[in-house]
Amino acid sequence: MITVSVASGKGGAGKTSLSAAIAERLGAACVFADCDVDAANGAIALGAAGTKSEPYFAGPGFEIDPAACTSCGACQAACRFGAIERTNGSFRVAPELCERCGACLSRCPAKAIRSYEKQAGELLVSDSRLGMRIVHAELEPGEDTSGKLVALVRRRAAELAGNDSVIVVDAPPGIGCPVIASITGCDLVVVVVEASASGVRDAARLVELVGSMRRRAMAIVNKSGLNQAMDDAARTMLKEAGIPVAGEIPFAPALRSVEESNRTWASLDCEAATRIRSALGAVDGAIGALKEKR
Amino acid sequence: MSDAGTTVIAVASGKGGTGKTTVAAHLAIAGARGRPTMLVDLDVEAPDASGYFKGAGRSGDASEVSVLVPRLVEARCTGCGLCAKACRFGAILAIGGVITIDPKVCKGCGACVNACPAAALEEIPMTVGQTSSFDADGLAILEGRMAIGDIRSTVVIEAAKKRAAESGAALQIRDCPPGVSCPATHAIEGADYVVLVAEPTEFSIHDLGAAVRLARGRGVPAGVVINKEGFGDADIAGFCEREGIPVIGRIAFKRERAASGAAAEPWSDDAAISGEIDAILALAADGARTDGGLR
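Which chain is which? The protein sequence lines are A and B, in order. The first sequence runs -2 to 291 under our numbering. The second sequence runs 7 to 301 under our numbering.
Here chain B stands alone, though its shape is the one from the complex (with noise of 0.2 Å):
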């Protein structure tokens, strides 16, 4: 659960394209209407939620992420392989007393630096991602982005939680990965209110339970956006129905609509799509676990 004084939003999904990035940059517009918002884009694998909005400056205070990996020391190493024991991460390999580390698939838990016992391995920090602040017309964005080879996205997610916590927003709007492993897990922990985006087919059916499921596992409170109404037949609202889950809003397929979230280009001329986002976005405050100023 997020500080008092503030609402954390999450917007997810389980199937990848449903419109999360389109939702959560609406969502922020219309938030930061009433009160300081930031759109956090926790997406690092793929973060698109700035491409939104074209005016963007950088504000110039990109900050690295990293975590702490063994570097060895060769002059103390004895070669007895405690260090290669201790990794659960097969990051270390002892093969007749030499020693190799892999620092790519190292998750920076110092287990091996603990287990040694000639104090033989140092630790470095290596880059995994940044964080970026942007503004964009009172409108702030803050976008973690792993960096390309990486596997550590849930240490840049976290850096990025970590940074917009100390912003100090009323409202944060976090735009999640598809899926429902750790990313999306770490996404969402924290969050007053999920809000599920999913689309009428049975892919995105398929993969809302799955959602939902985590959801309610993490204790979060949730409610389903039905987006692209119209564009396939599955039933998602007797779906949501039958999960007891509350559906907070609908958006209807229109090709246009679809060509503006190509090239990223806000609905803004569109009346119809104003009135719905703050909508949702007074439900999904009103189903928050903490009040940040939006009842």
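Here chain A stands alone, though its shape is the one from the complex (with noise of 0.2 Å):
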């Protein structure tokens, strides 16, 4: 089994449609892992179907009795988040500024806080008209535990991949806690750079956390031709980092029509699609090579 993340620190920079199509290549050899799970949109870029759903329980929240509480006020003190309010003389745990420690729980003499579990969103697993399953979740809105519902992504993907199979990470956007999620213990890390100033500079800061994790990485530029200047310092940045282009992807408005549904990258026909298929058929090599050395 081997795993390639596709990743690129800034939002919008390609990697659902790239991923997409790097799955569409494989087809049926793959399983596609989308860990963007707060903004998942694999599962439109692949054409998902007979998609079954389970619940994603995130672990505990609290909550305070007011019947029980005393308002001594130590649940407060013990709070380093700022999540324990007081209003009208009574306490209440705000749930957005919970960091779940149960800090709280154990510092109330009147055992007045419980927890309880909350369903925190939704795993899901889709059939893709493309051959391939896609493991994908939607995640609550306001729910903080995106990291822990992207292993759950990639656990569920690794049960339904063979021993031959690929599996595509789609990474979410930034270098925090799902971003690390998302790219731990994968064989590759394909970095997508958008051709611009904050592209290439969100770009590099995800490139010295790949680095720091040990992962091998190539990359992707994306968007470029639109200034000169932001795709030298593209590949500037690469060029320093010592990670080898896999191709490089115009800017052109033909290819966001990936986003509704059903086609990806891999199928287009366009003046950008050669260019695509290059760089494609680049992944694929680092692919084959890292079955080879299996």
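Treat the hints with care, since some could be wrong.
One side of the interface only, derived from the structure: several residues of chain A facing chain B at Cβ under 8 Å [unchecked claim]:
| id | residue |
| --- | --- |
| 1 | Gly139 |
| 2 | Ala194 |
| 3 | Ser195 |
Calculated pairs, PhoX-like style, for lysine-lysine (alpha carbon to alpha carbon, straight line, at most 25 Å) [said to hold, decoys possible]:
| id | chain 1 | residue 1 | chain 2 | residue 2 |
| --- | --- | --- | --- | --- |
| 4 | B | Lys110 | B | Lys168 |
| 5 | A | Lys115 | A | Lys49 |
| 6 | A | Lys145 | B | Lys110 |
| 7 | B | Lys110 | B | Lys91 |
| 8 | A | Lys145 | B | Lys91 |
| 9 | A | Lys115 | A | Lys145 |
| 10 | B | Lys60 | B | Lys260 |
| 11 | B | Lys91 | A | Lys115 |
| 12 | A | Lys145 | A | Lys49 |
| 13 | B | Lys91 | A | Lys108 |
Since the hints were derived computationally from the structure, they do not count as laboratory data. Bear in mind the structure is a predicted one, so any value in this text is a computation, not a measurement. From the three backbone atoms N, C-alpha and C, an ideal C-beta is built for every residue, glycine too.
With the hints as a guide, dock the two chains, each given alone in a separate frame, to form the complex.
Dropping the structure here:
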């Protein structure tokens, strides 16, 4: 089993479009793991059908029983996240600020705080018309455990994948907890670098993270041709980081048509398509080499 | 809700790359013409707002953000393992009476210190990021930046929010992170209005739906800016009508605008845009819960 994670640092760089195209070329030989659990679009890109859902529980939250609470304030003093609010003399846990550490629970002398389980989202498994299974998820807006849900998506994908399968991970933007969970233990990170000032800066932060996690990486420069200086900045950053470039994809409004579902970059017919196929070919080659080494 | 006299407008989106930073930077430029304004970059994993202001000089007051993490005083540790039991983040392992602490996954809640009967844990600060302030021709910029490899983005976001509140600016424009989980939630919390930036694609509409639910769940009024109008065919206006959320601005797609965006250059010569940005700011201020002198 080979795991390829597609990440970018910046949002909107082209991660989902690219990872869906990599998956289309692999077809039934891959499982697609959409780890961008708060903005899950892989299922749209790959035309998901026959979706089966199971509830996702994030771990306990805490609430104060007003009948048992003596308003002593020990919970508020124990909480370092400002998650215990006092209104009109009574205390309450603000779930959106609560880090679920339980410090309040152990400090309450009246045993007025209890933990509860709340559904925080859904884990989904779908079929794609392109032959692969899709593991995806929907996190409830405002929930705080996306890293844990990412780990669950990857675990389910690994269960569905055969020994010879490739797991294609579509990572979320940023460099934080869910991104680290999307990259941990993968065999190859495909870094999508948007050829823009912010795209290059954010990709450089991701590249540093990938290096510190000692993952193998290759890059694809996306939306090139808008500004020569930005194209050069992307190439220079990657060269200095020692990351091979699989290809460059020009900025072309026609490429966003894949967002209208059931098509990926792998099956487009436009001027940019040749460049895309060449970049995808280089990624295929890297995956093939990883399989050889096994 | 922010303090009286200050209006906080958060720019968010759900999907990344729709134009949050671009819209936030332009709203801040427009706002700064009439009142003390601060652009607050809360996308701490990918802070890019200051990139729009080439002349932005660091005012030299970068401030470290840290959390208190436990350190074991081995001479006092009895190996009972109660600290590991108290930690809900898996930051402490107790195997055969040997305690191992991984400070990188510690949230700094102090539950372990409180649980230790031998007072064998002391707390030391660990840097998780920084906040920095810049001045760009009368516009104040405050940037939160999480350290690479860290996972405690919300700590940095809260530190940046606190520092921004202390500035006393009449108008704060927050550039929020993408998504709808904890970083985005912390970034919109306390705002008076959320400007949701969307682009006319199916991906963006899907993620906008989640962002609308987040704003509603937090009780913050919201409006949608349709960016890159004409770039795709997806019907955002129809979506907004069905959801009962106002469209407060439209920015047409033009290749030259995409090119300026790529180079992080403000659309200063684009008269049509500056009128549209002023209108968005006025509508957001009208919808905001407090009056910071914008009306």
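Status of the hints after comparison with the structure:
no.	hint	in the structure
1	Gly139	5 Å, holds
2	Ala194	4 Å, holds
3	Ser195	4 Å, holds
4	Lys110/B / Lys168/B	23 Å, holds
5	Lys115/A / Lys49/A	20 Å, holds
6	Lys145/A / Lys110/B	16 Å, holds
7	Lys110/B / Lys91/B	18 Å, holds
8	Lys145/A / Lys91/B	19 Å, holds
9	Lys115/A / Lys145/A	15 Å, holds
10	Lys60/B / Lys260/B	23 Å, holds
11	Lys91/B / Lys115/A	22 Å, holds
12	Lys145/A / Lys49/A	20 Å, holds
13	Lys91/B / Lys108/A	19 Å, holds
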